[in-house]
Amino acid sequence: MDDLYTTFENNDKVAHAVWEFIQHQGLASFTLRPFNRFNTAFTEWWLIPATEWPAYKYGKLCFHRYPRTPEGVLYSGYYVEKGLGSQLNGLPNVQKKHLMQGDWQWHEFVNRSLDGEINKVIKELSDMNLARIRVLVEIHAFNKVPKVDMERSAPSDTIEFEITAPGLQWQLIQPGKSNLAKFNGAGSLRDLLERIYKERDLDYFWIDLVIGARFRYGNNSGWDASDIWMKVLQPWTDFVH
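Going by numbering that gives the first Met the number 0, the sequence shown opens with residue 0, and the numbers climb by one from there.
If you're looking for bench data, these hints aren't it; they were derived computationally from the structure.
It is possible that part of the hints are untrue.
To be verified - SDA-like, lysine to any residue: derived pairs with alpha carbons at most 25 angstroms apart:
1. 12 <-> 70
2. 122 <-> 107
3. 143 <-> 99
4. 119 <-> 29
5. 146 <-> 230
6. 230 <-> 93
7. 95 <-> 48
8. 143 <-> 12
9. 12 <-> 221
The whole structure should be built from the sequences, with the hints applied where relevant.
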């Protein structure tokens, strides 16, 4: 099946268009934030349910380019972060704000995934003509957590899966090569998250997880702001807090 397209040429433009659409329609209240204020075109943009910044602990709606190269495509969907383990407190180059706390959305996300609630959202997305949904996981070593307003360095490892309709079939797209290689055999989102949750070595890594659709930029007949909101982002709003 062909890739989806969006009318927008970069993350900055699509993020602002979607934010303006939901503001005008009175559909939800979010703060719009870029990861890097000084290079906004293709940095990550998030719709955040608070004004607090950095917003590590919150589930967010995202506009994310992957890979971070001119050949990258837009990933839009749900974004959640797992911080570092508490046992790293006091180590050199470990900031306390990067240590995961009990109020981080990651905990609820994992629990609701294990209860099957995430699969209900994915089924809803697939019913709205999203035939392909991507699950992207990137990790960064404890001393290389991405810093706000700076260019991100390459992750320590990446793994990517695709969920296809009908039947929500699960397929490995990009295998992990080092610390994530042990998860290549995960057979479902639930299985993947159970393995991540139990893997104590990952306490030494920052985790970014994206579930969403991927789009090629800049096609006049592609999806506009209302399409992206209604068919990709709105179903996730119950997890954005």
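Hints and how they fare:
Taking the CA atoms of residue 12 and residue 70, the gap is about 18 angstroms. The hint holds against a cut of 25 angstroms. Proposed proximity of residue 122 and residue 107 is supported: the alpha carbons are some 19 angstroms apart, at most 25 angstroms. Using a Cα cut-off of 25 angstroms, the hinted pair residue 143 and residue 99 holds, with the two alpha carbons roughly 16 angstroms apart. Taking the CA atoms of residue 119 and residue 29, the gap is about 23 angstroms. The hint holds against a cut of 25 angstroms.
The straight-line distance between the Cα atoms of residue 146 and residue 230 is roughly 31 angstroms, outside the 25 angstroms bound, and the hint therefore fails. This hinted pair does not check out: residue 230 and residue 93 have alpha carbons roughly 39 angstroms apart, beyond 25 angstroms. For the given pair, residue 95 sits about 22 angstroms from residue 48 by alpha-carbon distance, which is consistent with the 25 angstroms threshold. At most 25 angstroms may separate the alpha-carbon atoms for a hinted pair to count; residue 143 and residue 12 exceed this at roughly 29 angstroms.
Distance hint between residue 12 and residue 221 is fulfilled; the C-alpha atoms sit about 14 angstroms from each other, no more than 25 angstroms.
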